[in-house]
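Chains A and B, in that order, give the protein sequences.
Using full-length UniProt numbering, the first residue of the first sequence is number 1, and each one after it goes up by one.
Using full-length UniProt numbering, the first residue of the second sequence is number 1, and each one after it goes up by one.
No lab work stands behind these hints, which were simulated from the structure alone.
Be a bit skeptical, because a hint or two may be false.
No more than 27 Å apart at the CA atoms, straight line, and that leaves these computed lysine-lysine pairs for BS3-like [to be verified]:
| no. | chain 1 | residue 1 | chain 2 | residue 2 |
| --- | --- | --- | --- | --- |
| 1 | B | K43 | B | K73 |
| 2 | A | K107 | A | K146 |
| 3 | A | K65 | B | K73 |
| 4 | B | K43 | A | K65 |
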Amino acid sequence: MRAAVRTGWRIGAAAAAALRGRAGRPLSQAAGEGGGAEGGGGGGSGSREAVERLVREHPVVVFMKGSPAQPLCGFSNAVVQILRLHGVEDYRAHDVLQDPDLRQGIKDYSNWPTIPQVYLNGEFVGGCDILLQMHQNGDLVEELKKLGIRSALLDAEKDQEKK
Amino acid sequence: MAPPTAEELRERLRERLQAEHVEVQDNPQLCPGSFRVFVVSGKFRGLKTLQRHRLVNEALGEELGRIHALEQKTLTPEQWEEQQRPSLA
């Protein structure tokens, strides 16, 4: 069984919407490990609190180089293309090239050395190679389904069946 | 900070992960400091992909600071053997 089973995945669409609305305050308190609260907004764009807020603002959040309209790196582009294949066009993308603090902060947050980074429902999923593997083995369709997002690939299959 | 060589990474991964098989590809002309690694190790058994990749990151240790980009493929010895078996059409 390849499907990732983490408690976060079981959150339904309603709860995900609630997470989006909360601006991360109670969540960041729960997640804080050492260092304590950074003090609302004063921690800088790369602070743990700031990053926490970003990863939770939408079910699908991507930290990349460039933008979805204009990726500036092959790996970031791959992430955008994979999401597009699944019909996921509505997501939050953050260009780390625009913000060196965020660029370092996101790596510290996930303890992951490279960009792009993909977060589903506030949890770090991996970079481009992991997303590609998930796309190829069907896991991505499943994970999107848990977020209440129906992959476009399922509809493509359905059309095939109708013929 | 100069990036590590493919050979350095290969040796480190082989040693730290007791890997059966390690391949490291770099492309210094096109993209210095970017590497593609393929590791076969019993240490991956029972671990999901993300956990395996984290294990590799740990094994790379301080070299990771000198790496610009990293792609990974990780298999257990059993998975690798299965992949190598010629497919019976």
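Hint consistency between K107 of chain A and K146 of chain A [alpha-carbon to alpha-carbon, up to 27 Å]: 26 Å, holds
message: Just to be careful, I want the Cα atoms of K43 of chain B and K73 of chain B compared with a cutoff of 27 Å; is the pair within it?
response: 14 Å, holds
query: Within a Cα-Cα threshold of 27 Å, do K65 of chain A and K73 of chain B meet the stated pairing?
result: OK: K65 of chain A and K73 of chain B at ~22 Å, within 27 Å.
field: Given hint K65 of chain A paired with K43 of chain B - CA-CA distance at most 27 Å
entry: Status violated; Cα separation ~32 Å.
The earlier numbered hint that this structure contradicts is number 4, and it is the only one.
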